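Student: For reference, the chains in residue letters:
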Amino acid sequence: MTIAAVQSNPTPAILPGSGGMRGAFSDLFWRRPKLLLLLMLSPPLLWLGIVYIGSLFALLLQSFFSIDEFSGLINRKFTLKTYGDLFQAANLDIILRTVTMAALVTLASAIIAFPIAYYAARYARGRWKALFYLGVMLPLWSSYLVKIYAWKLILAKEGILTWLLAKLNLLWLLDAWLSLPIVGGNSLSVSFTGTFIVFVYVWLPFMILPVQAALERVPGNLVEASSDLGASPAQTFRNVLFPLALPGIVAGSIFTFSLTLGDYIIPQIIGTSRLFIGQAVYSQQGTAGNIPLAAAFTVVPIVIMGFYLWGAKRMGAFDAL
Amino acid sequence: MRSDRGQSAPLGLKIAAACGLLFLHLPILLIFVYAFTTEEKSFVWPPPGLTTQWFAVTWNRPDVWDALSLSVRVAAISTAIALVLGTLCAAAVSQTRFFGREAISLLVILPIALPGIITGIALRSAFALADIPFSFWTIVLGHATFCVVVVYNNAVARFRRTSGSMIEASMDLGADGFQTFRHVVLPNIATALLAGGMLAFALSFDEVIVTTFTAGQQQTVPIWMLEELIRPRQRPVTNVVAMVVVLVTLLPILLAYYLTRDGDQIAGSGK
Numbered sequence: 001m002t003i004a005a006v007q008s009n010p011t012p013a014i015l016p017g018s019g020g021m022r023g024a025f026s027d028l029f030w031r032r033p034k035l036l037l038l039l040m041l042s043p044p045l046l047w048l049g050i051v052y053i054g055s056l057f058a059l060l061l062q063s064f065f066s067i068d069e070f071s072g073l074i075n076r077k078f079t080l081k082t083y084g085d086l087f088q089a090a091n092l093d094i095i096l097r098t099v100t101m102a103a104l105v106t107l108a109s110a111i112i113a114f115p116i117a118y119y120a121a122r123y124a125r126g127r128w129k130a131l132f133y134l135g136v137m138l139p140l141w142s143s144y145l146v147k148i149y150a151w152k153l154i155l156a157k158e159g160i161l162t163w164l165l166a167k168l169n170l171l172w173l174l175d176a177w178l179s180l181p182i183v184g185g186n187s188l189s190v191s192f193t194g195t196f197i198v199f200v201y202v203w204l205p206f207m208i209l210p211v212q213a214a215l216e217r218v219p220g221n222l223v224e225a226s227s228d229l230g231a232s233p234a235q236t237f238r239n240v241l242f243p244l245a246l247p248g249i250v251a252g253s254i255f256t257f258s259l260t261l262g263d264y265i266i267p268q269i270i271g272t273s274r275l276f277i278g279q280a281v282y283s284q285q286g287t288a289g290n291i292p293l294a295a296a297f298t299v300v301p302i303v304i305m306g307f308y309l310w311g312a313k314r315m316g317a318f319d320a321l
Numbered sequence: 001m002r003s004d005r006g007q008s009a010p011l012g013l014k015i016a017a018a019c020g021l022l023f024l025h026l027p028i029l030l031i032f033v034y035a036f037t038t039e040e041k042s043f044v045w046p047p048p049g050l051t052t053q054w055f056a057v058t059w060n061r062p063d064v065w066d067a068l069s070l071s072v073r074v075a076a077i078s079t080a081i082a083l084v085l086g087t088l089c090a091a092a093v094s095q096t097r098f099f100g101r102e103a104i105s106l107l108v109i110l111p112i113a114l115p116g117i118i119t120g121i122a123l124r125s126a127f128a129l130a131d132i133p134f135s136f137w138t139i140v141l142g143h144a145t146f147c148v149v150v151v152y153n154n155a156v157a158r159f160r161r162t163s164g165s166m167i168e169a170s171m172d173l174g175a176d177g178f179q180t181f182r183h184v185v186l187p188n189i190a191t192a193l194l195a196g197g198m199l200a201f202a203l204s205f206d207e208v209i210v211t212t213f214t215a216g217q218q219q220t221v222p223i224w225m226l227e228e229l230i231r232p233r234q235r236p237v238t239n240v241v242a243m244v245v246v247l248v249t250l251l252p253i254l255l256a257y258y259l260t261r262d263g264d265q266i267a268g269s270g271k
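In order, the protein sequence lines correspond to chains A and B.
All residue numbers in the first sequence are consecutive under this note's numbering, ending with 321.
All residue numbers in the second sequence are consecutive under this note's numbering, ending with 271.
Note that these hints are calculated values from the structure, not bench results.
So, partial list: chain B residues that the calculated Cβ filter (under 10 angstroms) puts toward chain A:
1. Ile15
2. Leu21
3. Val245
These figures come from a predicted structure and were not determined experimentally.
Every residue, glycine too, gets a C-beta built ideally from N, C-alpha and C.
One chain only, chain A, in its complex shape:
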């Protein structure tokens, strides 16, 4: 090809720069996609890195400090003494109580969530499907405090539950339950039973969504095949549905377990005076002013959740999220 032929070509192979600042930037980003990527990522990473990870680090750091028992001042010298304090009987009690509650809440949520999720995944179609979806979404997103408040109204001694039980002549049942040790109390709103019900209520939608997502992927003919081969519904559930739904249940349990571990408002408003981890953290950092112990306490749910997430990942729970 001669030089003349190239010159007569109206569009050269390489376009000239678009001109101006804007054009220059645009060209630069096109030629160097890495630079654009860096520019896009740095604001969110800086924010999360400094604000969030930085804070978490600051918290972790403080858990290695200790508090001077006489002056109440924080001694900024590395020590494991604060972690040792966690193993005092009273503190171990708090940890054990919280973990037990979290486990029970998770179990109950899974049991209540399964039928809803299964119906929504397998039988609900069209408009009903949308209704089920919103039916789970709306309670999930309604105000957390309003939900707790609603239960305060329900569980109050003069409230709707007592009224309903009285109408059904079942008040003796409530009284018998409340007279039990540990789970009982003066009224439901100051008992562990009350705390348990509210926890289940508030975290239930977090269980339904992943279980439903897992069940959506179970082909209907798998269930039919199982019953064609002679399995009873119970056997089908145990050998087909449950194993396939399990990753979803584990995914949901991450939420119910973690949220129960860290909550301090529900047991404060509906429950006994015995503390949960969240309340212990709150009172240690607030009235007691013992930030190191509060920080050490928050490490407990982090460690538990770390193990939990590790186990959940091995079970393939993250594919169901």
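Starting from the known structure of chain A, fit chain B onto it as the hints suggest.
Tutor: Below, chain B alone, put in the same frame as chain A:
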């Protein structure tokens, strides 16, 4: 696709599912009844009488208005910050492959995956170490951090459905990077961003645990409610505020649902 289309569910399953949904919804409906009760001192059921006078009483309470205005301002600014950060992060993660990509999505989700009390006390101890006094901006700082994830979730889901060849086509046709963003990318992700923004707004408007650690003397609506729950002053006013809060948070959720319903189901599933 499925052969069980016409099949109907066993009765037991229907009843269990219906009971579960009722369990989720009846308590919230109860709030609406209590907003009209004439009873002032207790939570007695059934309400001895119905009245609308508490709406007027609540309307004239300056503390309620102050809390509401603070909540709206905090939620608006946090949502704006979260929109920018979440979209940038989603664009970077979904359009390119690079080392540490998985770690970034984990980092974004972490503020919501760890219990709120950890985020809260972590921020508080950081403020204490850095001698930052509590203010409007410390609240925003906390809220924006956990709002990023909802915007991110929505935007990532939409980016996945948007084909990358559209961007290439736009560039081939001579548009520069900014024009492509303005005329091709933005219209594609606009509804997802709107939905994410609304969910972020609702999340911030409702947040109480982190706020108790990052707010000084100022009260957002949830802090005001918490105060009333612990030390009730005027129960009927709390009832009315609770009802209004339910209504205010439901609207953005419904809108977000309609904006994202065809296709990405992820709208709120990662609260």
